Amino acid sequence: MTEQVVTRFAPSPTGFLHIGGARTALFNWLFARGHGGKFLLRIEDTDRARSTPEATQAIIDGLAWLGLDHDGEIVSQFDRADRHRAVALEMLEKGRAFKCFSTQDEIQAFRDAAKAEGRSTLFVSPWRDADPSTFPDLPFVIRLKTPETGKTVIHDKVQGDVRIGNDQLDDMVLLRSDGTPVYMLAVVVDDHDMGVTHVIRGDDHLNNAARQMGIYEAMGWDLPVYAHIPLIHGGDGKKLSKRHGALGVEEYRDMGYPAAGMRNYLARLGWSHGDDEFFTDAQAQEWFSFDGMGKSPSRFDFKKLASISGQHIAAAENAALLHDLLDFMAVTGQPTPSDTKISLLSQAMPLLQERAKTYIELIEKAEFILADRPIAPDEKAAKFLDAVSLGILSELTPHLQNASWDRQALEGELNAFAEAREMKFGQLAGPLRAALAGRSATPSVFDMMFLLGREETLLRLQDVKGTA
RNA sequence: GGCCCGUUCGUCUAUCGGUUAGGACGCUAGGUUUUCAACCUAGAAAGAGGGGUUCGACUCCCCUACGGGCUGCCA
1 MTEQVVTRFA
11 PSPTGFLHIG
21 GARTALFNWL
31 FARGHGGKFL
41 LRIEDTDRAR
51 STPEATQAII
61 DGLAWLGLDH
71 DGEIVSQFDR
81 ADRHRAVALE
91 MLEKGRAFKC
101 FSTQDEIQAF
111 RDAAKAEGRS
121 TLFVSPWRDA
131 DPSTFPDLPF
141 VIRLKTPETG
151 KTVIHDKVQG
161 DVRIGNDQLD
171 DMVLLRSDGT
181 PVYMLAVVVD
191 DHDMGVTHVI
201 RGDDHLNNAA
211 RQMGIYEAMG
221 WDLPVYAHIP
231 LIHGGDGKKL
241 SKRHGALGVE
251 EYRDMGYPAA
261 GMRNYLARLG
271 WSHGDDEFFT
281 DAQAQEWFSF
291 DGMGKSPSRF
301 DFKKLASISG
311 QHIAAAENAA
321 LLHDLLDFMA
331 VTGQPTPSDT
341 KISLLSQAMP
351 LLQERAKTYI
361 ELIEKAEFIL
371 ADRPIAPDEK
381 AAKFLDAVSL
391 GILSELTPHL
401 QNASWDRQAL
411 EGELNAFAEA
421 REMKFGQLAG
431 PLRAALAGRS
441 ATPSVFDMMF
451 LLGREETLLR
461 LQDVKGTA
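Under the working numbering, think of the first position of the first sequence as 1, with each following residue one higher.
There may be inaccurate statements among the hints.
[Stated by the list, open to error] Straight-line Cα separation of at most 20 Å, SDA-like style, residue types lysine to any residue; simulated pairs:
no.: 1; residue 1: 304; residue 2: 389
no.: 2; residue 1: 341; residue 2: 409
no.: 3; residue 1: 341; residue 2: 370
no.: 4; residue 1: 304; residue 2: 330
no.: 5; residue 1: 157; residue 2: 130
no.: 6; residue 1: 383; residue 2: 399
no.: 7; residue 1: 145; residue 2: 85
no.: 8; residue 1: 145; residue 2: 117
no.: 9; residue 1: 145; residue 2: 71
no.: 10; residue 1: 94; residue 2: 120
no.: 11; residue 1: 465; residue 2: 341
no.: 12; residue 1: 424; residue 2: 451
no.: 13; residue 1: 145; residue 2: 211
no.: 14; residue 1: 94; residue 2: 206
no.: 15; residue 1: 157; residue 2: 206
no.: 16; residue 1: 38; residue 2: 89
no.: 17; residue 1: 151; residue 2: 222
no.: 18; residue 1: 99; residue 2: 139
no.: 19; residue 1: 380; residue 2: 341
no.: 20; residue 1: 424; residue 2: 452
no.: 21; residue 1: 303; residue 2: 259
no.: 22; residue 1: 99; residue 2: 211
no.: 23; residue 1: 303; residue 2: 250
no.: 24; residue 1: 38; residue 2: 55
no.: 25; residue 1: 380; residue 2: 425
no.: 26; residue 1: 341; residue 2: 330
no.: 27; residue 1: 99; residue 2: 71
no.: 28; residue 1: 465; residue 2: 388
no.: 29; residue 1: 145; residue 2: 157
no.: 30; residue 1: 38; residue 2: 85
Because the hints were derived from the structure by calculation, they are not lab data. Just so we're clear, the structure is a prediction, and the values are computed from it rather than from any experiment.
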């Protein structure tokens, strides 16, 4: 019996939850869920100057929208500062850490000199092995006593074995001179205390892992399994930043991508399971493994997101899709449709969902249901409502008054009408579509008429009559 | 500067020494068509460069180039 898998997502609340962070969270979630484990959330708010409650909320909201549910209470790293401090002191006690009285100026001078002489700029503290009797009565930081020789090997599930010479690792600061813990200490202590078994994070932390392992070693704690995943780059290949397409997840939500499509697309970025492109959460959870992770950064591609997104909309179950669509409308500030319209939407959903890649497109194509009479045609639709077309429509009207109102019959009726006048069906369908929906992109005219019903259809034709 | 990681079609990727280097998105051409979407058919499109190892390298090793990361009393 192996121990239960515990993963965590540990963002710092210094801004919105961007797409790279979301993907990291996704992989942690997939791995935990796929192994019947726990997925924890910890907010790394030790940097008080940059952390904001708004950012914390944005992260929570973003994860909620993406459907990445976490287990247990959200841990605030800042709240655990006392514990971090205690661990640092314990290492000091054990002789695995030391007090360093060097000032920032002295350190800077050291680095400048090292750079000028072409030496390593890693700071070597003169206090590392100093006699306590020589300690001045000055502020000090506590630094980890890193081995000076040998190698640290990170057995990384994605990157393989990565060896770093200990001479490349400095005696990092654990506790600042004001007694507050730094991130490097806090992550390790928190991961250990939270029972995290697998640390899945961006590969920008790969080098940090070697440093952090020193703390595990000093404390005699078991190491977690590391998996450092490659980052996402922008469409131009450059690192993703706020200036380079790194949008908050809520922006993707507002662009109308369904969360399921987002999860699918994001999972496929840097990870693969053979040639599978479209899959469900259940499949992703079952399939996810570090073996499928690539090592190189990937670029975000909206075109492919749209394609995957469209497939998820098409495959969605009716009630769930309607629910998500209404959520989307609420979130983006659109009025909630009446019960009648919602009922029609539900009926029309099979027609709508296979022609939309986003909720925005879905709504555009549902305009014939959502709009109230009289329908205001958009520019493209208006072009179909010229005098000739209106003539055709008024000629058609009496035929509709008597037609039996089912899809099949309507199709027959309209085809016969067009055929009798030797016109291409498009000459009839265009104006009809414009009159019924006020849009040029809609479901089939037969479907719209059937759904709208005879009365509403005739009223809309009536509305349009004098507009030319 | 030092250390670490990476590099297959435009993009996401498959391949885990032997393939006509496969798929997806996008693109191009044609078809279907009532708009949009969808769909069908066809097509263009890739192993960064150079050395090895091997009967045989996209695959293993080395070098170079390029990209990225770390090198903080940031996370």
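Here is what the structure says about each hint:
{"no.": "1", "hint": "304 / 389", "verdict": "violated (39 Å)"}
{"no.": "2", "hint": "341 / 409", "verdict": "violated (24 Å)"}
{"no.": "3", "hint": "341 / 370", "verdict": "holds (6 Å)"}
{"no.": "4", "hint": "304 / 330", "verdict": "violated (26 Å)"}
{"no.": "5", "hint": "157 / 130", "verdict": "violated (40 Å)"}
{"no.": "6", "hint": "383 / 399", "verdict": "violated (24 Å)"}
{"no.": "7", "hint": "145 / 85", "verdict": "holds (16 Å)"}
{"no.": "8", "hint": "145 / 117", "verdict": "violated (25 Å)"}
{"no.": "9", "hint": "145 / 71", "verdict": "violated (35 Å)"}
{"no.": "10", "hint": "94 / 120", "verdict": "violated (28 Å)"}
{"no.": "11", "hint": "465 / 341", "verdict": "violated (25 Å)"}
{"no.": "12", "hint": "424 / 451", "verdict": "violated (24 Å)"}
{"no.": "13", "hint": "145 / 211", "verdict": "holds (11 Å)"}
{"no.": "14", "hint": "94 / 206", "verdict": "violated (27 Å)"}
{"no.": "15", "hint": "157 / 206", "verdict": "holds (11 Å)"}
{"no.": "16", "hint": "38 / 89", "verdict": "violated (30 Å)"}
{"no.": "17", "hint": "151 / 222", "verdict": "holds (18 Å)"}
{"no.": "18", "hint": "99 / 139", "verdict": "holds (9 Å)"}
{"no.": "19", "hint": "380 / 341", "verdict": "violated (24 Å)"}
{"no.": "20", "hint": "424 / 452", "verdict": "violated (24 Å)"}
{"no.": "21", "hint": "303 / 259", "verdict": "holds (16 Å)"}
{"no.": "22", "hint": "99 / 211", "verdict": "holds (18 Å)"}
{"no.": "23", "hint": "303 / 250", "verdict": "holds (18 Å)"}
{"no.": "24", "hint": "38 / 55", "verdict": "violated (24 Å)"}
{"no.": "25", "hint": "380 / 425", "verdict": "holds (18 Å)"}
{"no.": "26", "hint": "341 / 330", "verdict": "holds (15 Å)"}
{"no.": "27", "hint": "99 / 71", "verdict": "violated (38 Å)"}
{"no.": "28", "hint": "465 / 388", "verdict": "holds (11 Å)"}
{"no.": "29", "hint": "145 / 157", "verdict": "violated (27 Å)"}
{"no.": "30", "hint": "38 / 85", "verdict": "violated (27 Å)"}
In this structure, the hints that do not hold are numbers 1, 2, 4, 5, 6, 8, 9, 10, 11, 12, 14, 16, 19, 20, 24, 27, 29, 30, in rising order.
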